[in-house]
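Could you put the whole structure together from the sequences, leaning on the hints where they help?
Number of protein chains: 2
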Amino acid sequence: MDGSRGRFLVAAVIGLVVGVVVGVVIGYFSRQPGSAAPWAEELVRDGDASAGRRVQEEILPENIEENLRRLTSVPHIAGREMDLGQAEELRDRWLQYGLDSARLTPYDILLSYPSSEEDRPSRVTLMEADGTVVVQSQVEEAPLDRYQDDPNIVPPFNAYSASGDVEGELVYVNYGRVEDFFHLQRDLNIDPAGKICIARYGSIFRGDKAEKAEQFGCLGLIIYSDPADYSARGYPVYPDGSMLPPSGVQRGSLMIAIGDPLTPFYPANEYAYRLSEEDAKIDAGLPGIPVHPIGFGVGIELLRNLGGNEAPANWRGDLNITYRTGPGFQQPHTGRRVRLQVNVQNEVKRTYNVIGVIEGSVEPDRYVIMGNHRDAWVFGSVDPSSGTAVQEEVARAFGKLKQEGWRPRRSLVFASWGAEEYGLIGSTEWVEEYGKVLGERAVAYLNVDSAAVGNFTFKSSASPAMFQSVFDATKKVPDPGVNPAGSSYSSVYDSWAAKLPKDEGDPNSLPKIGQLGSGSDYTPFFQHLGISSISINFQGDPAVINFYALYHSSYETFDLVKNFIDPEFKVHQAVGRVLAEMALDLADSLVLPIDPTAYSTALQDIAGSVRTEYSTQFDAQGISMEYLDSAVDNFTTAALRLKNRMTDIDRKNPLAVRLVNDQLMQLERGFIDPLGLPGREWYRHVVYAPSAHNSYAGQAFPGLADAMFDIENAANQTQRWEEVKKQLAVITYTVQSASTAIEEGGL
Amino acid sequence: MDGSRGRFLVAAVIGLVVGVVVGVVIGYFSRQPGSAAPWAEELVRDGDASAGRRVQEEILPENIEENLRRLTSVPHIAGREMDLGQAEELRDRWLQYGLDSARLTPYDILLSYPSSEEDRPSRVTLMEADGTVVVQSQVEEAPLDRYQDDPNIVPPFNAYSASGDVEGELVYVNYGRVEDFFHLQRDLNIDPAGKICIARYGSIFRGDKAEKAEQFGCLGLIIYSDPADYSARGYPVYPDGSMLPPSGVQRGSLMIAIGDPLTPFYPANEYAYRLSEEDAKIDAGLPGIPVHPIGFGVGIELLRNLGGNEAPANWRGDLNITYRTGPGFQQPHTGRRVRLQVNVQNEVKRTYNVIGVIEGSVEPDRYVIMGNHRDAWVFGSVDPSSGTAVQEEVARAFGKLKQEGWRPRRSLVFASWGAEEYGLIGSTEWVEEYGKVLGERAVAYLNVDSAAVGNFTFKSSASPAMFQSVFDATKKVPDPGVNPAGSSYSSVYDSWAAKLPKDEGDPNSLPKIGQLGSGSDYTPFFQHLGISSISINFQGDPAVINFYALYHSSYETFDLVKNFIDPEFKVHQAVGRVLAEMALDLADSLVLPIDPTAYSTALQDIAGSVRTEYSTQFDAQGISMEYLDSAVDNFTTAALRLKNRMTDIDRKNPLAVRLVNDQLMQLERGFIDPLGLPGREWYRHVVYAPSAHNSYAGQAFPGLADAMFDIENAANQTQRWEEVKKQLAVITYTVQSASTAIEEGGL
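The listed protein sequences correspond, in order, to chains A and B. Each residue of the first sequence is one higher than the last, beginning at 1 in my numbering. Each residue of the second sequence is one higher than the last, beginning at 1001 in my numbering.
Check before you lean on any hint, since a few could be wrong.
[Unchecked claim] According to the in silico footprint, chain B covers these stretches of chain A (three or more CB under 8 angstroms from chain B):
no.: 1; stretch: 11-21
no.: 2; stretch: 206-213
no.: 3; stretch: 259-268
no.: 4; stretch: 361-369
no.: 5; stretch: 426-438
no.: 6; stretch: 664-673
[Stated by the list, open to error] In the DSSO-like style, the derived pairs of lysine-lysine whose C-alpha atoms are separated by at most 30 angstroms in a straight line are:
no.: 7; chain 1: B; residue 1: 1475; chain 2: B; residue 2: 1512
no.: 8; chain 1: A; residue 1: 476; chain 2: A; residue 2: 570
no.: 9; chain 1: B; residue 1: 1349; chain 2: A; residue 2: 725
no.: 10; chain 1: B; residue 1: 1725; chain 2: A; residue 2: 349
I should point out that these hints are in silico values taken from the structure, not numbers from a laboratory. Predicted model, so just to flag it, every value in this text is computed and none were measured. Note that the Cβ used here is the ideal one computed from N, Cα and C, for glycine as well.
So, in structure tokens, the structure goes:
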């Protein structure tokens, strides 16, 4: 071999070696890991903060103001012309904003309106013995602003009241709560039976007042708004301020059940089987007595000369009179009587929901639902249109992001409900129609009804499963900063925690979150299907007024919001931003932002309260809480294990992530008992239900609470204690079952 | 540049180029695609035929024979000592076979046994007017084989019978079906009220006989086994053959409900709330009259001289007598009376399930459940131990595969139920305890009760969702080939399709598959939770005998199976192989082997039958089937779309596959109405339920069928037609809702 050939060979070998090395490097890196599975990255990508920043930027107060102005331009009661008109307009807007789909879902439901016979209005009349009228309620509220001459304003009435014409002595029953009636009967020896009862609005749901009045034998019920609850001293009344003037009246439904009274448990569609109206009234808890609302302008005249004893301190409102219980009137007015004429008629009418969807890119079969109703008693500038105005802007913002190429991991669903005011009917019928799909696929339901009841602080009622998400979201949203105290908070969370702390006096307290009762459209999702839910809004300073004064009156106008609640619509903007951040967090996070240990903490608290409240009675009956405690402990352990799995799972494995997410989604379903609560089977959440005595309020372990209620006065003690034992067993089973359902193995 | 350097350069360049090429290739292939996501391949890997071949090889007849010999060595009635003993042994074996876990789940339930007072046995006595005994039933069956001296054999009785001592005239009521009682009353003018009724076993569930007898006023009910149904002519009786000898008696429960009578809807665990026994009897449909079973050796003496008219042709059995209806006896025996003494007592006893699991590798949160009960009335060589013996071998085979390194994609669950014979109690309590988890995670329930009732043909009852899977599995399993006709079939499927064709006379017919009623442990899974279920076994030639002759007698021994049914245990092996192949298919396929269009075909068939059967009556009442038809059409479209998605999805995307699989799993859940069927709310499947008149049989659209039943004789016609309308609406809604739940969008 000569040198030349040798060198040639060496060169070739060196070249080859270098070439191979270079080639290997090129070849290796030219092949992307996972390139055979192009979806792999996308399937396990976590949401990031950028979409939140974009959506927050996009939510603009001027748009919300414009939305509200448009929505409140006409009265829009359910089942009348504007129901369809506003639904179609909203659908078209959502489509225009870029949602993938938007459609109407109609239901034919039993609604209730003042009788169309104009010569027979509903009225309350105070008369002398000879029939001379002392005072009589007006059919309409006083024309205090430019809106009041609209012929579509429905006169004040209570929906689903029985019609009737009754006359009798008057008895004052305070808020008309069961404890008020007990006090009357047991302590004051006053029997309301056969009398016309007058209750003040507030404290509990008006339908419960009507039910109790009927149960205690009242001939009829008058409900008035006392200034103590609706017109705080020192604050001007509408139109000079936001307080209730004497002629203002709160409308509202009396139905205790929810959903269409004619089609319980099933959707009110074209092929539904409908109960007779008589059967429906019993099933749905519609009153058998006439009930009518009035303002305090007439109320004071009715109460001024009432006889009987002076009312107890906590029965006294803020009218400038001495509150007495009756029955009947004082000298020289002892002959006076009250006449209550109610003409209300029920009609089957069509209402519409609007459902819009932005489909998820990775898990289109998981839904995060944002809902609010659209119907209002009159103009509804707060209830519900402040929420609708916000919801529409949030839909627009997400639509914008989508048009820019973004999609959430899971589907976003926007829902605008019809006929909420009558008893959450649109949402309930929809939940009944789509219950299977929702039970299998819905991650959460986020409710924004009256978005800006006030401008003082953020407020929320929620399932414990939603705590983490609402904390996270409120930390990301700047405080709207209209706090009259002048202090500034960096975030909605900071302001909220300071103004509504869970632990009063603790500067590091978490914010307080209420239990979900009923009163808005989260109820069917949460109480019937076990979908984790939350309701959010801003409220006024509770030191001034509870809720808001002009609620359900015809004075609830755009001017109220613009002039007195949120002139710059920054409160509305903040609510929209919190809603959007929550929805984003729930729809876009790789692992769902649900902390299962928040639920175990809540259960421990509830079990503790049960022990505190009932242990003496339980001990006397030989009833042990041992098994319940053990079930709660098991749930606590399971929740902790699930929480650990949330961090320990292989986040690169989409099925491992889905497994954990499924269990987080199903956590709340675990508390559903398909048999429902005794006597109100539609409510199936064993941990939380509306109180049986106040639908607005949440009641923990409702089956047990109902069984224990007033047990010492029960007719059949043995039977009642058996019911207590049964309910304890049902709760124990349900908690145990829920804990099993979040275990990895499960069986 | 000289030539040498030039060549050197050329060589180096060539070397480099070759090197780079080689290097790129090496480098490229040295990096595995997806190596950054090592799970990717595994997550989307489809099952293949190799595991099926392996598991079929592993299922050996000699092992099944040995299992059966061991299981039948002692009587093993529920709630007695062997309940725990056999459960513990099975658990230990499963663990030893390599299952990941195996454990006992105990429940304390109300069982029923012959009274322990030995001097007061249950008896039937035929007496002369003066009290002289003509014939009296024996307490025990005749000692025809070496097994009969076992002191643990429970004497013949009907569980949950009322105790009592009644005397009266005898009336023959054929099978004791409602149509038999109608015929007696309406056509023959014979009132069974106040009489002792005697029915023959067969045609319907014995509990339904007892219920009807009580409803029609019988003082007590005697049930005997007629040779027409249990001892085919020309075939030898046990121990010389498999037919029922005169002393053989069918034991069995009378409970119409299922599950522990004291704890309906909730598991019978330590903290359960228990009904009083009196309330439970009403809830569970336990008889209020004494009921007792006898053999035809005594039966013939009771019936021989019965008076009254000759029984209709289809009421005549195969005893060598003239069948008459009674009441009372013919000359010269008119003074004869029958006395029925029953001493049965209910006791709360503990029963045990055994639950074993092989965890899935990819989707451990999806379960394919294989179940059978373990308790037997006596030795239970067919019912249930032939199934238990098979199940144990299948568990061993899968355990072996697992020990060799294999794992199924989804989890395999083995379940051995206690106290099935009393009313599917072990399985029902377990379903009640784990209902949430099962509803969320169970793909299918596969039942093998009496695996080898005969050796003639494979047989199955199933949800339409299981059709594809059982067809696929039976095609893969060789026919056991003990067909006496001598023809040979290549597969169980071929034999099955030929012997039990869906379309009689069509050589290309699919095999016939029955509807699921009740009668074994699939009931709680299918009827209560909506888990797609199937029950499989081999049966004898229906031309010879329906079911099997020694059913629930003490002669149901190992010898019966070994000598007359399946000497080589190849039938058992075939059942085990079909079970294993089905389980494998459901647990290991990437896309679930569920054909949704099989369900739409079934619904179309059922709707068609409803039209055929009721259209005249519907038309007369102005009832339209339009909406039901439309719902069925919508379901058909949705099922077809889902089927298309099964092939069109990106099979490389594990979440896209999971989405489709979730909907296939949830298909059956769509037919569950949480409110249950009217009057029997535990049954919640709207498409299939046990017949209200025969728990063994399946009834399609049961709510409608019950409402229409005997409607022309109903007391309140208007109310009944309202119920028909309501049930039509419920079915329409449910089918519509099920179709929505398998749509991609869903909302």
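Any hints this thing doesn't respect? Which numbers, in order? 2
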